[in-house]
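*Asks:* Hey, can you work out the whole structure from these sequences and the hints?
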Amino acid sequence: MEVLLALVIGVLGGAGVWLLLRQRTFQVVMGLVLLSYAVNLFIFSMGSLSIDHPPVVTPGQPADLHHYSDPMPQALVLTAIVIGFATTALFLVVLLAARGLSGTDHVDGRQDPP
Amino acid sequence: MSAVPFWVELVVALLLVCSGVFVVIAATGFLRFPGFFLRMHPPALTYTLGSWCVALAGAAYFSTLEGRLALHPLLIPLFLAITVPVTTLLLARVALFRRRRAGTPDTPPSLVATQSSADDTQGPP
Amino acid sequence: MSLALLVALPFVGSLLAALLPTRSRTLIATFAGAIAAIVSVVLLTAFPMVRGGGVIRQTIHWLPSIGLDLAFRLDGFVWMFAVMIAVIGVLVCLYARYYMSREDPAARFYAMLLAFMGAMLGVVMSGNLLQLVVFWELTSFASFLLIGYWYHRTDAQRGARMALIVTGGGGLCLLAGVVLLAHITGSFQLDVVLQSGDRIKAHAWYPATLALIAIGALTKSAQFPFHFWLPRAMAAPTPVSAYLHSATMVKAGVFVLARFWPVLSGTDEWFWLIGGAGGFTLLLGAYLAMFQNDLKRLLAYSTISHLGLITLLLGLNSPLAAVAAVFHIMNHATFKASLFMAAGIVDHETGTRDIRRLNGLIRAMPRTGALALVATAAMAGVPLLNGFLSKEMFFSETVFLSASPIIEGTLPVLATVASLFAVVYSLRFGYDIFFGPPSTDLPRTPEEAPRWMRMPILFLVAACVIVGVAPTFAIGRVLDAAALPVVGGTLPTYSLALWHGFNLPLMMSLVAIAGGVVGYIALRAAQARGRLELPPLIPRWNGRDVFEATLLGLTRGARHVLWACSTRQLQPQLFVVIATTVVLAMLAARGFPLTWGDRPRLEASNAFVVLWIVGIVCAVGAAATAKYHRLVAITLMGGAGLVTCLTFAWFSAPDLALTQIVVEVVTTTLFLLGLRWLPMPTRKAGEVAPLRDRVRRARDLLLAVIVGIGLATLSFAFLTRPAPQSISPFFLGNALPGGGGANVVNVMLVDFRAFDTLGEITVLAAVALTVYALLRRFRPPAESISQPDQQRVVSDERATDLLKPRRADAFARGYLLVPSVIARLMLPVSLVVAAHFFLRGHNEPGGGFVAGLVVAIALLMQYIVSGTRWVETRTRVRPARWIAIGLLIGAVTGLGAIVLGYPFLTTHTAHATLPLLGEVHFPSAAFFDLAVLGVVVGSTLLILTALAHQSIRKQAPAPPPPAMGDR
Amino acid sequence: MTFLRRIVPLPGLSLALLALWLLLARSASAGQLALGLLVALAIPVLVAKFWPVTTRVRRPLTILRYALRVCGDVVHSNLVVAWGVVRWRWHRPAFKFVVIPLDLHDPVGLAVLSMVTTVVPGTVWSELAVDRSAMLLHVWDAPDADAFVARYKARYEAPLREIFE
Amino acid sequence: MNATAALIVLPIVLPLLAAAVLLLIRESRRRLGSLINLVATFAGLVAAMAILWQVNRAGPDAIAVHLTSNWAAPFGIALVADRLSALMLAVVGVVGLGAALSAAAGWSRTGSYFHPLFQIQLMGINGAFLTGDLFNLFVFFEVMLAASYGLQLHGSGWPRVRAGMHYIAVNLLASSLFLVGLAVLYGVMGTLSMADVAAKVPFVPPGDRGLLHAGAAILAMAFLIKAAVWPLNAWLVPAYTAASTPVAALFVLMTKVGVYAVVRLWMLLFPALEGAGTQFGGPLLLGAGLATLAFGAIGVLASIRLDRIAAFSVIVTSGTLLASFATGSIAAAAAALFYLVSSTFAVSALFLMVEPVQRTRSERHAQRPVYDALPDEDDNLDDQQLPLVGRAFPVSIAALGLAFMACSLLVAGLPPLSGFLSKAAILTAIVGDGAGDARPATTWILMSLLLCSSLFTTISLVRAGIRHFWSTGGRFAPQLKLVESGAVLVLIGACLVLTVFADPVLRYTTATATYLQAPSPYVRAVFGTPPRPGPTTPVYPQIEPP
Amino acid sequence: MSTLLFYAIGFTLGCYALASLMVLVRLLRGPRAQDRVFALDLLYMHAMLVVMVTGILHQSDVYFEIALLIALFGFVSSAGMAKFILRGEVIE
Ligand code: NA
Ligand code: NA
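Chains as they are written, first to last, in UniProt numbering: chain A, 1 to 114; chain B, 1 to 125; chain C, 1 to 967; chain D, 1 to 165; chain E, 1 to 546; chain F, 1 to 92.
In short, the hints are calculated from the structure, not lab data.
Possibly wrong hints are sitting among the right ones.
Claimed, not checked - The list that follows gives simulated cross-link-like pairs (lysine to aspartate or glutamate, DMTMM-like), each with its CA atoms no further than 25 Å apart:
id: 1; chain 1: D; residue 1: Lys96; chain 2: B; residue 2: Glu66
id: 2; chain 1: C; residue 1: Lys684; chain 2: C; residue 2: Asp789
id: 3; chain 1: C; residue 1: Lys627; chain 2: A; residue 2: Asp108
id: 4; chain 1: C; residue 1: Lys684; chain 2: C; residue 2: Glu783
id: 5; chain 1: C; residue 1: Lys627; chain 2: F; residue 2: Asp35
id: 6; chain 1: D; residue 1: Lys49; chain 2: D; residue 2: Asp131
id: 7; chain 1: D; residue 1: Lys153; chain 2: D; residue 2: Asp141
id: 8; chain 1: C; residue 1: Lys684; chain 2: A; residue 2: Asp108
id: 9; chain 1: D; residue 1: Lys49; chain 2: C; residue 2: Asp545
id: 10; chain 1: D; residue 1: Lys96; chain 2: F; residue 2: Asp35
id: 11; chain 1: D; residue 1: Lys153; chain 2: D; residue 2: Asp131
id: 12; chain 1: C; residue 1: Lys201; chain 2: C; residue 2: Asp268
*Replies:* Right, dumping it as structure tokens:
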């Protein structure tokens with residue numbers, strides 16, 4: 001399980017980085033989304049993953065990380081998801097504006113050869 | 001938390017297996033069938049029995065488990081029934097639109113045309 | 001006597017002068033002259049106090065932490081300089097009153113002149129080396145502004161810039177040198193430094209220190225190789241040239257050399273560096289001066305040469321020479337200032353400064369001419385004038401110096417030759433313009449200058465004569481007092497007598513004068529034949545060209561470096577960032593082997609293995625298709641997001657799964673909304689990427705793979721490690737008793753870490769506002785302005801159900817009829833679900849964020865199926881207001897706690913017992929969650945509707961339909 | 001009465017929302033009832049302008065019978081289609097497009113019809129005439145199109161006309 | 001809760017409230033918006049000054065801690081105002097006021113929602129300086145950045161959008177790095193409170209140290225990008241030059257946030273890490289600082305346009321700061337802090353002057369400089385001369401010119417203003433330190449780079465000044481509004497104050513630099529602040545000491 | 001929980017995963033955009049089912065809400081895509 005989860009994070013991150021380095025704005029924004037998935041999962045993976053231990057307090061259970069999964073990374077990821085969503089939206093709109101102003105969807109506004 | 005009697009578990013297990021089987025059959029059909037409209041039929045299995053079985057299983061299981069009527073899983077098939085048409089309607093319309101545009105044979109003519117004169121059902125110029 | 005006040009007085013005067021009416025030159029000149037006169041008088045009265053090694057000190061603390069105090073210090077040497085500055089200042093003020101034209105803005109001129117005077121007084125009176133640098137640079141600025149007084153002329157602009165860069169840059173070197181000196185001696189105090197000569201010379205940094213200070217001094221005194229700026233500075237008004245560029249500012253360099261003479265001189269380095277520069281400049285300046293046709297420029301080169309003489313004297317490592325240097329500083333100031341003033345009168349009266357055009361002026365202006373001729377003679381070193389005396393001292397130094405045979409042999413020759421050249425250029429100045437047939441083609445008809453304009457010259461020339469005739473009487477005590485500090489407290493025996501007998505120095509003088517006359521006649525003859533217009537033997541390039549070319553080359557070089565070390569493209573930037581991160585992380589972790597932990601592995605689930613494979617395929621697929629198949633890429637991205645959501649759900653993070661799924665929906669919609677304005681790219685048939693692109697792709701792929709492996713490795717390392725000594729158990733333990741909620745994640749968001757959430761919703765708000773503002777100015781790409789292709793082919797509305805939902809009918813029509821009904825049926829359901837998530841959030845997964853997004857999606861769905869107009873005639877969503885109210889609630893909730901005496905955002909729970917319902921707990925965190933909800937709804941809707949509004953904003957008329965139906 | 005109307009503009013909806021609330025809350029405690037009432041009363045007021053049901057819905061019994069019939073058909077059709085998928089290699093069903101002339105014009109009725117059509121496997125709602133006079137279905141297995149149309153109209157459309165018109 | 005502790009939320013909450021109020025009033029009420037913006041910014045300045053005063057008064061280790069949500073460290077998010085934070089807050093206050101004044105001159109009108117975004121930007125910057133929690137630092141970075149994206153794009157247009165796109169892309173990547181680094185730190189130490197991190201670092205087992213170092217390096221990358229360290233700074237110049245005047249002035253603060261974060265991280269992590277391996281950080285940071293300084297200086301020299309000069313000056317500042325801090329000398333760090341304050345004001349003022357100065361010219365865009373073609377050999381002075389009669393400067397140009405001169409002196413670090421004082425202090429410190437130093441070469445390099453940057457800046461600014469104020473062509477006396485003059489005046493005035501009261505300032509920064517040597521006072525203060533007993537009593541579980 | 005139910009759940013989850021894999025193939029193969037959108041919609045369904053079954057597996061109610069959200073809003077993205085393909089814009 002761990003190997004595969006690590007692999008998922010790696011592939012998402014690698015795909016994100018690959019897209020980030022492309023020259024079309026749309027590719028870049030897709031890269032940002034994939035990278036944010038990777039980063040969110042990465043943060044999440046710090047919190048000693050466990051199955052069936054949601055951090056919802058049940059009376060009678062000892063309050064430790066053996067009986068609940070770590071709420072801290074979850075709180076962090078929650079914030080990160082929201083911020084990632086916001087920034088993705090922003091970047092998307094910026095690339096739309098850039099497309100409109102420059103007439104091309106190259107990240108540097110370079111015109112494509114005809 | 002009360003223990004769940006075996007017969008309930010058996011029913012739940014059967015329902016779940018049933019759901020799994022239907023879902024796999026649906027996916028098989030979706031994967032194998034030629035033509036978009038034909039492919040639209042099997043997923044209905046997933047939307048209906050596939051989810052109904054799980055919802056029933058959940059309702060049965062949690063009702064027994066918690067010792068009170070737990071009908072909330074049934075909300076899910078209900079909501080599905082309401083919302084799924086939107087996607088399928090639109091997608092079917094998409095397929096029709098694109099087939100008509102491309103002039104694919106065996107595409108039914110526009111519905112308006114069936115109501116008015118046959119002249120309207122011309123092919124592309 | 002307050003030295004600080006004395007220095008401050010001209011600055012105050014400068015400020016006041018700037019405020020006087022700019023064209024009232026008499027008033028301003030009187031005012032400025034009065035200031036200078038006050039300073040002069042005060043200084044003159046102070047002479048008894050500085051005689052015989054007396055020193056006046058005053059210290060004001062400024063920045064003692066680094067040893068920078070305003071320390072003022074007046075000894076004999078400084079006194080001589082200060083008097084020179086003040087007295088010549090008075091004369092220049094008077095002279096300039098007549099020199100400047102009625103239209104010249106006098107306020108600016110005198111303000112800057114006074115500021116310069118203050119700065120120059122500051123330089124000489126500084127008792128602190130850093131303070132010296134401060135005033136030093138101030139003189140550079142004053143000089144810059146004064147040279148650029150007639151700023152509309154390009155020569156003024158260039159001259160000013162060159163002067164500033166050379167002397168200012170030299171000042172920076174001086175700063176460095178001073179800092180080193182202070183490090184060696186432990187203090188910036190001049191008194192301390194002057195006591196530490198041996199220590200300085202013994203220190204390993206002595207050569208560097210010397211070099212840096214020398215650069216500072218040589219640049220300021222226009223010594224080779226920095227001499228080129230001074231001739232260009234002649235673009236300044238002549239009073240400025242007389243004051244700054246002959247008498248005072250350029251002497252700041254030799255002042256510093258003389259100041260440090262006791263502690264820095266006496267070494268070979270000093271001799272070669274200072275003496276070498278001085279000697280060469282002496283010769284070069286004189287040589288170049290001979291060939292100048294411009295009066296002021298001739299004087300400028302002469303100044304360079306004389307400064308070279310002073311520098312050489314200081315460089316000779318002989319106390320007697322140092323005394324001679326001090327003497328020559330005075331002498332040069334008097335005759336050169338008067339010569340400049342005379343040149344200014346000539347220029348003023350005739351309209352030209354070209355020696356070749358000026359002839360026989362003695363008839364038109366006999367008095368000025370006479371004064372100028374006396375001063376010229378002093379410059380040439382004619383006996384009975386002050387110039388002769390210091391030159392004789394110089395000659396005898398060169399003759400009696402004991403050094404290596406080569407130097408002993410060449411130095412007298414050099415001195416004689418330089419002196420010969422001086423005679424030649426003096427003759428050119430004196431004879432060429434005042435004698436011969438009067439010129440007839442001058443721009444103006446020359447007349448005698450006004451009397452008061454001549455007065456300053458008369459005063460200076462008189463000084464030349466008096467000193468020349470009766471040196472001991474006139475200047476002996478002053479020279480003693482001035483030279484004493486320079487040579488370090490022990491004055492060598494010297495004699496100021498006119499006649500030392502018929503000795504070698506006198507021979508050299510005579511040779512120089514005779515040779516000079518001969519040389520002058522030869523030069524005149526050659527120039528009459530059109531030869532020797534430009535100095536021979538000197539390479540065509542000169543210092544000025546080198547300077548300009550260096551500056552240009554520097555700038556061009558800088559541009560090239562910039563071009564090579566930076567980029568305006570995004571891809572290399574991102575590549576560098578990522579690659580640097582990888583390298584840095586590896587470097588940082590170097591030396592610590594990476595080990596896997598021994599945490600019990602998670603139980604395997606085959607289903608999840610398969611699902612993760614689905615996720616991986618989706619991610620790779622999205623990466624592969626994002627260029628040409630955007631919709632496919634969005635779909636695949638949705639798949640990857642779904643798998644992420646499932647992972648959260650599987651690993652006990654229901655809140656994350658909830659949030660991820662709603663965010664996923666909104667993000668997809670957002671992308672689709674955006675896709676409308678991104679025309680579809682098409683792959684060109686048979687397109688083969690050029691090699692460079694393929695190489696880059698391979699490189700990027702490599703980096704992507706490395707990053708992937710790195711992330712995977714890091715996460716695997718943590719996945720296999722046992723949980724750290726985390727602070728999390730505290731949250732688990734306190735969520736219910738302290739935070740009043742069972743859902744620990746939500747309690748963290750609204751209580752433990754509510755501050756984060758406050759920031760997070762602010763981010764959301766800021767982004768939404770930005771998006772809105774940006775889209776207000778949105779200009780769609782040309783090919784997207786018209787209706788999409790799909791709509792154009794079906795624009796005949798009677799024939800199809802594919803209608804635009806543009807009218808606010810009761811129902812959408814056509815293909816959207818059923819979806820719109822369904823969406824509207826779902827609206828109340830969604831709101832109930834939102835309320836459900838909102839209220840349960842504290843105890844179960846949910847909360848304000850999810851609830852907000854549910855509301856937003858429900859409304860969004862209405863927009864999709866019913867169209868913008870339809871929705872907005874039914875309800876006015878004011879997203880900005882939602883955001884504002886949300887933020888306000890958040891901030892006020894937080895501040896409420898402060899009002900109650902608790903820290904910001906402290907949660908309070910109200911307990912109430914209501915009939916029927918029993919005890920009700922109402923935590924203030926619920927308010928905070930309400931803030932989250934408001935901002936989320938507002939922001940999401942603001943972003944989405946701003947995008948959606950683009951479609952109705954740009955409704956271009958459709959071209960005629962090609963066919964009916966779906967065609 | 002008018003006062004009650006104003007407070008509870010859509011009583012049916014309010015009732016349904018209350019039920020939904022209680023289901024979601026998984027509790028029928030007094031507190032949840034109160035909250036549910038609050039929600040069920042407030043939300044209809046908020047969404048009144050959006051609420052699509054304009055006609056009065058009658059005949060609860062018909063609704064129930066209709067629902068049960070649809071459920072039965074769903075199970076049956078599921079088996080049919082599943083079987084069809086399984087034996088796809090050996091047997092092809094008679095799939096085709098069928099145009100159904102419509103008598104039902106109420107938008108909500110049509111929406112319900114579309115739900116039913118979608119829910120019952122073997123039929124795909126493909127197009128609705130802009131004047132709501134006909135619809136196009138893609139049918140999984142309809143050897144006889146006319147018979148299918150007749151059965152479809154009788155079984156699914158007619159009860160809806162009763163309910164909504 | 002004492003008064004200071006209550007005070008330190010104000011720099012964050014005031015702007016937030018102001019932003020909310022600004023969103024509520026109609027966009028058409030420009031004057032009211034400007035007024036609210038100004039009042040809020042000024043109130044922020046007053047609050048910052050009060051905090052500075054309190055912190056300074058209370059002694060060398062004075063630290064005010066505010067436990068938000070009333071949870072003790074390390075569980076809640078603590079706001080910590082120590083000497084460093086207080087100083088930075090004051091800087092933000094002054095620069096903010098300058099930028100707000102400039103915005104009031106009409107800049108806010110070129111787009112929507114300028115004022116709310118402006119306030120949110122202030123909130124983000126202040127928050128970043130105050131927070132004592134790493135993740136909260138991330139959040140405030142994001143607040144600051146989100147607002148900065150909006151402000152940078154304010155007014156739209158292709159240059160802004162293009163530069164903004166690059167700026168946003170790089171910073172989004174940086175944010176991802178921040179998160180990854182943060183996660184690793186949490187994974188190793190199980191905490192996010194800065195004080196707790198500092199306390200726990202020495203006890204990290206050897207097996208985890210590699211991860212810790214990698215995490216810290218990744219985290220540092222995020223900060224170094226913000227600090228515009230070469231080669232991670234290509235985004236800066238286009239973004240800052242494309243931004244509108246008040247925005248560019250405000251942005252000068254943002255690189256300081258990056259520098260601050262580096263210093264903070266350094267203070268918390270490095271004392272403990274140093275034993276583990278001196279190769280970690282120090283020389284790298286020094287090298288990066290030197291490279292940045294060199295790059296900035298070269299950029300300044302290569303620049304013709306005033307805004308580019310200002311933007312590269314920002315980079316010069318960053319390089320100087322990082323290199324000075326990395327020398328490890330207290331005196332150098334103290335001088336660098338002084339330099340930070342002075343150069344921030346100065347460069348900010350320079351940005352504020354860019355547009356008014358350009359207004360004096362008839363052409364919109366800069367000409368090629370005069371020296372590009374070498375002048376002819378010794379052209380005779382009688383020819384080509386314009387009459388030797390001076391021209392008077394109109395009052396507005398004279399005022400602008402004076403301000404420009406002051407700015408130039410400050411930015412170039414020339415006497416007699418605070419720019420010089422701080423640079424001289426740095427020089428003195430590094431030379432004093434370099435004597436016993438094991439790497440005198442870097443001392444010499446740093447020294448020469450510092451002097452070169454001054455020289456290059458002088459060259460460039462003189463060139464620009466001549467072009468703008470001494471131009472021979474058509475020149476207009478620009479209409480200067482009172483508020484925009486006030487904006488420049490505030491910043492230059494602040495520098496004059498720094499010049500006159502240089503000693504108290506340097507004493508303050510020296511105390512700060514001394515304090516930054518060890519994290520213990522910080523840790524003690526944060527952990528020593530109890531939550532106020534009140535509505536809830538926390539249950540402290542037994543956490544075994546590591 | 002009995003072994004029977006445990007294995008039944010394992011089987012069911014496996015079925016869903018297998019089905020997802022098949023749907024993924026369709027998603028990648030297309031051939032038309034509507035196929036892919038439909039495939040995504042099905043993936044959402046599978047995810048929802050997985051979550052529901054996981055809830056039964058863990059005897060936990062917290063998973064229900066996730067499934068509820070997918071059931072309620074999973075269609076929005078696919079509907080949006082469909083509308084986009086059909087009309088070229090999502091909101092008119
Ligand atoms: Na169906
Ligand atoms: Na700008």
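*Asks:* Taking the hints in turn, state whether each one holds.
*Replies:* Hint check results:
Proposed proximity of D/Lys96 and B/Glu66 is contradicted: the alpha carbons are some 48 Å apart, above 25 Å. Distance hint between C/Lys684 and C/Asp789 is fulfilled; the C-alpha atoms sit about 20 Å from each other, no more than 25 Å. With a C-alpha separation of about 16 Å, the suggested pair C/Lys627 and A/Asp108 falls inside the 25 Å cut-off, and the hint holds. The hinted pair formed by C/Lys684 and C/Glu783 meets the criterion: a straight-line CA distance of about 18 Å does not exceed 25 Å.
Taken as a hint, the C/Lys627 and F/Asp35 pair is honoured in the structure, with Cα atoms around 20 Å apart against an allowance of 25 Å. A hinted pair counts as satisfied when its Cα atoms are at most 25 Å apart, and D/Lys49 with D/Asp131 qualifies at roughly 24 Å. Proximity of D/Lys153 to D/Asp141 is assessed by CA-CA distance (about 16 Å); at most 25 Å being required, the pair is judged to hold. A C-alpha spacing of about 21 Å is found between C/Lys684 and A/Asp108, which places the hinted pair at or below 25 Å, so the restraint holds.
In summary, the hint linking D/Lys49 to C/Asp545 is not supported, as the alpha carbons are separated by about 82 Å, beyond the 25 Å threshold. For the proposed pair D/Lys96 and F/Asp35, the alpha carbon gap of about 19 Å is at most 25 Å, so the pair holds. Restraint check: the Cα-Cα separation between D/Lys153 and D/Asp131 comes to about 18 Å, which is no more than 25 Å; the hinted pair holds. Our distance criterion of 25 Å between C-alpha atoms is met by C/Lys201 and C/Asp268, whose separation comes to about 11 Å.
The earlier numbered hints that this structure contradicts are 1, 9.
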